Amino acid sequence: MQKEAAIRQPLILGDNVTCKKISDDIIKPIEGKAPRSWYIAFSIAAVMFLWGIGCLAYTVGVGIGTWGSNNGVDWAWDITNFVWWIGIGHAGTLISAVLLLFRQKWRMAINRSAEAMTIFAVMCAAIFVVLHTGRPWLDYWLFPLPNAFGSLWPNFNSPLLWDVFAVSTYFTVSLVFWYIGLIPDFAMIRDRMVKPGMKKFYKILSFGWSGRVKDWNRFEEVSLVLAGLSTPLVFSVHSIVSMDFATSILPGWHTTIFPPYFVAGAIFSGFAMVQTLLLIMRKVFRLEHYITIKHIEYMNIVIIVTGSMVGVAYLSELFISWYSGVEYEAYAFLNRATGPYMIAYYAMMTCNVISPQLFWFKKIRTNLHLTFILSIVVNIGMWFERFVIIVPTLCRTFIPSTWNMYSPTFVDVGIFIGTIGMFFTFFLLFARFFPVIAQAELKTILKSSSEQAHKQSTSGGHH
Amino acid sequence: MSKNIINAIYGDDEVVLNAAKKLRSAGVTIREIFSPYPIHGIEAVLGVKKTRLATCAFLYGITGTLLGTLMMWYMMINDWPTIVGGKPNWKYFYNMPAFIPITFECTVFCAAHGMALTFLLRSWILPGVSPKNPDPRTTDDKFCVQVEAEPAQVDSVIAKLKESGAEEVKVQS
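Chains as they are written, first to last, in my numbering: chain X, 1 to 463; chain R, 464 to 636.
The hints are simulated quantities; they were obtained by calculation from the structure and are not laboratory data.
Small disclaimer: the values here were computed from a predicted structure and weren't measured.
Incorrect hints may have been included.
[To be verified] Subject to a maximum C-alpha distance of 27 Å in a straight line, what follows is the list of computed DSS-like cross-link-like pairs (lysine-lysine): (1) Lys214(X) - Lys512(R); (2) Lys21(X) - Lys595(R); (3) Lys554(R) - Lys214(X); (4) Lys21(X) - Lys294(X); (5) Lys363(X) - Lys105(X); (6) Lys195(X) - Lys485(R); (7) Lys485(R) - Lys447(X); (8) Lys200(X) - Lys362(X); (9) Lys105(X) - Lys513(R); (10) Lys466(R) - Lys512(R); (11) Lys214(X) - Lys625(R); (12) Lys200(X) - Lys21(X); (13) Lys28(X) - Lys105(X); (14) Lys455(X) - Lys195(X); (15) Lys28(X) - Lys595(R); (16) Lys105(X) - Lys455(X); (17) Lys200(X) - Lys447(X); (18) Lys550(R) - Lys214(X); (19) Lys214(X) - Lys485(R); (20) Lys512(R) - Lys20(X); (21) Lys625(R) - Lys105(X); (22) Lys214(X) - Lys363(X); (23) Lys554(R) - Lys447(X); (24) Lys200(X) - Lys595(R); (25) Lys283(X) - Lys33(X); (26) Lys294(X) - Lys20(X); (27) Lys199(X) - Lys625(R); (28) Lys466(R) - Lys214(X); (29) Lys20(X) - Lys466(R); (30) Lys513(R) - Lys447(X); (31) Lys633(R) - Lys20(X); (32) Lys625(R) - Lys21(X); (33) Lys625(R) - Lys20(X); (34) Lys513(R) - Lys214(X); (35) Lys199(X) - Lys485(R); (36) Lys484(R) - Lys595(R); (37) Lys485(R) - Lys513(R); (38) Lys447(X) - Lys484(R); (39) Lys21(X) - Lys633(R); (40) Lys447(X) - Lys294(X).
Just chain X, with the same shape it has in the complex:
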């Protein structure tokens, strides 16, 4: 049996935690009635979602002329939101894949909901890429299909096509990774469920899992190999997203720093979103024993690291724009900092560079209220980052006669609100009907990393 040093902080708190208690705690929100707060939150999210569907239908019916995008600023809120959402998704894969490869046990309490967040965030991101083509019913042209319009194929030199492949691979692989992890937990719910209808539902979802030796053997191998495949995948996805900008010749976009800077930013915003969701979830579902302050602190440490990387990237961009001696490059950054959208620039700098540095103080990074507030601040900052990269750059390009201002219309705002609504609608449904903690995995560390195990080993008792 694996033993752990007693000075290490336990990952499962409480004195009488048994496997049965873990199952009980995870099945409680599924079996019982949802609290009133769940219904209120769900209604708000669903209304936002419906409003978004309305704006989406309006866009499809009338065209993207309903958006604020114009001839100069042809990418605006759509791509800002796409990059923002896809970045948020990255934390889920990082937690479930990279932390699995590094054998970080604290991943086990949070990976399930983080992966769910990934999947919903990528779905939100997909809405924007699907719509921004203008005629979404022709989006199948993006796929390498033989067609009747001539012998044309999609252009494999284009980062936009790389994006199609990267995002669809990322989405499907994350979905499979998430679902395979869910199977044993669905089986637990199936075997515990009393209501016949629900039992049948979970029986179908659990694929007839019975926990045989060979099944577990294969299950662990599949998880490990999928983690190994997802790790380079997650880095590739946001690198490719950044290449949508970096392979163009616009000053402010044409920089080699973009891939690492985007990946760090993605993990940064993703962890902030995980914090926002988990801080509420652990409270509502009373999961404080499993998602402990230590987990929150670990995630805040990741936020400091990635936030500092983002800060360094901002500063090196600024430095290089001056040091390169390219006047267009210098102007692009001067325009960001002093031009018409300077408010967005300073919002980005404050939220992304300064605010995560507060987590150096242990008091702040273990304070749940402050963590919650800062996690939202970080996500606002990361939204502004994408806005600053896209809009101020496009509104001041090489030819002054193309200079244009951009302001969003209610449709732009509506679709964005709609995706937030969709994200929370799906997440609330997930929290209500799916096991929110990977209980089978958590049970494996009960004997080594729980508070009671530490107490036993310090008191010299048998293990």
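Position chain R against the provided structure of chain X, taking the given hints into account.
Chain R in isolation, oriented as in the chain X frame:
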């Protein structure tokens, strides 16, 4: 002559591991062990071979690399060569840097999905399949060791199971 199947329920993974060792050395045939989470080390005791799924994933990955390369070669070089942004497209090799991202994505796509499908099919874990665990508690907190015994030996096997720490022993009808 058909053999009897006996299910023994245990409450702890280490007890199961030791029990499996003892039962094996006592000559009892263990058909299967059902557990709520993986018991590390049990494969060696039962003589279950190491899974070859990782090798499968590698082979699927190579297939994905080849399929992706073939697709891009056919579309960009062979069928309708186009020069975009001055990138040379008269030989695959000259423009390979631009094809690397999609080659990588195809590799990962095929490796991940191929392996996941192989796992589900080989273990026959599919929608609509009925679970095989004899006791519903084995997905929660109990472990079930399922053994085979000749009708004449049932009693002695039950005694051995109880001795090894089984909480309950039931002969499957």
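Structure-based check of all given hints:
1. Between the alpha carbons of Lys214(X) and Lys512(R) the distance comes to roughly 9 Å, so the proposed pair stays at or under 27 Å and holds.
2. Restraint check: the Cα-Cα separation between Lys21(X) and Lys595(R) comes to about 24 Å, which is no more than 27 Å; the hinted pair holds.
3. Between Lys554(R) and Lys214(X) the CA atoms are separated by roughly 48 Å; this puts the pair beyond 27 Å, and the hint is violated.
4. Our distance criterion of 27 Å between C-alpha atoms is met by Lys21(X) and Lys294(X), whose separation comes to about 21 Å.
5. Of the supplied pair hints, the one linking Lys363(X) and Lys105(X) holds, its CA atoms being roughly 24 Å apart against a limit of 27 Å.
6. Annotation: proposed proximity of Lys195(X) to Lys485(R) is violated, straight-line Cα distance about 40 Å (limit 27 Å).
7. Annotation: proposed proximity of Lys485(R) to Lys447(X) holds, straight-line Cα distance about 23 Å (limit 27 Å).
8. About 47 Å separates the Cα atoms of Lys200(X) and Lys362(X), which puts this hinted pair outside 27 Å; it is violated.
9. With a C-alpha separation of about 24 Å, the suggested pairing of Lys105(X) with Lys513(R) holds against the 27 Å cut-off.
10. With a C-alpha separation of about 25 Å, the suggested pair Lys466(R) and Lys512(R) falls inside the 27 Å cut-off, and the hint holds.
11. As the CA atoms of Lys214(X) and Lys625(R) are separated by approximately 25 Å, the hinted pair is consistent with the 27 Å bound.
12. Of the supplied pair hints, the one linking Lys200(X) and Lys21(X) holds, its CA atoms being roughly 24 Å apart against a limit of 27 Å.
13. Using a Cα cut-off of 27 Å, the hinted pair Lys28(X) and Lys105(X) holds, with the two alpha carbons roughly 24 Å apart.
14. With a C-alpha separation of about 39 Å, the suggested pair Lys455(X) and Lys195(X) falls outside the 27 Å cut-off, and the hint is violated.
15. Between Lys28(X) and Lys595(R) the alpha-carbon distance is near 25 Å, which keeps this suggested pair within the 27 Å criterion.
16. A threshold of 27 Å between alpha carbons decides the hint, and for Lys105(X) with Lys455(X) the separation of about 19 Å falls inside it, so the pair holds.
17. Restraint check: the Cα-Cα separation between Lys200(X) and Lys447(X) comes to about 33 Å, which exceeds 27 Å; the hinted pair is violated.
18. Under the criterion of a C-alpha separation no larger than 27 Å, the hint pairing Lys550(R) with Lys214(X) is inconsistent with the structure, at around 50 Å.
19. A distance of roughly 20 Å separates the Cα atoms of Lys214(X) and Lys485(R); the hinted pair therefore holds under the 27 Å criterion.
20. Distance hint between Lys512(R) and Lys20(X) is unfulfilled; the C-alpha atoms sit about 31 Å from each other, more than 27 Å.
21. Restraint check for Lys625(R) and Lys105(X): the C-alpha separation of about 35 Å exceeds 27 Å, so the hint is violated.
22. For the given pair, Lys214(X) sits about 47 Å from Lys363(X) by alpha-carbon distance, which is inconsistent with the 27 Å threshold.
23. Between Lys554(R) and Lys447(X) the alpha-carbon distance is near 59 Å, which puts this suggested pair outside the 27 Å criterion.
24. Taking the CA atoms of Lys200(X) and Lys595(R), the gap is near 15 Å; set against the 27 Å cutoff, the hint holds.
25. Of the pairs offered as hints, the one joining Lys283(X) and Lys33(X) holds, with about 16 Å between alpha carbons and a cut-off of 27 Å not exceeded.
26. Between the alpha carbons of Lys294(X) and Lys20(X) the distance comes to roughly 23 Å, so the proposed pair stays at or under 27 Å and holds.
27. The straight-line distance between the Cα atoms of Lys199(X) and Lys625(R) is roughly 32 Å, outside the 27 Å bound, and the hint therefore fails.
28. For the proposed pair Lys466(R) and Lys214(X), the alpha carbon gap of about 23 Å is at most 27 Å, so the pair holds.
29. About 33 Å separates the Cα atoms of Lys20(X) and Lys466(R), which puts this hinted pair outside 27 Å; it is violated.
30. Taking the CA atoms of Lys513(R) and Lys447(X), the gap is about 26 Å. The hint holds against a cut of 27 Å.
31. This hinted pair checks out: Lys633(R) and Lys20(X) have alpha carbons roughly 22 Å apart, not beyond 27 Å.
32. A distance of roughly 26 Å separates the Cα atoms of Lys625(R) and Lys21(X); the hinted pair therefore holds under the 27 Å criterion.
33. Using a Cα cut-off of 27 Å, the hinted pair Lys625(R) and Lys20(X) holds, with the two alpha carbons roughly 23 Å apart.
34. Between Lys513(R) and Lys214(X), the direct Cα distance comes to roughly 9 Å. Compliance with the 27 Å bound is thereby established for this hinted pair.
35. Taking the CA atoms of Lys199(X) and Lys485(R), the gap is about 37 Å. The hint is violated against a cut of 27 Å.
36. A C-alpha spacing of about 23 Å is found between Lys484(R) and Lys595(R), which places the hinted pair at or below 27 Å, so the restraint holds.
37. For the given pair, Lys485(R) sits about 22 Å from Lys513(R) by alpha-carbon distance, which is consistent with the 27 Å threshold.
38. Restraint check: the Cα-Cα separation between Lys447(X) and Lys484(R) comes to about 21 Å, which is no more than 27 Å; the hinted pair holds.
39. This hinted pair checks out: Lys21(X) and Lys633(R) have alpha carbons roughly 26 Å apart, not beyond 27 Å.
40. Proposed proximity of Lys447(X) and Lys294(X) is supported: the alpha carbons are some 18 Å apart, at most 27 Å.
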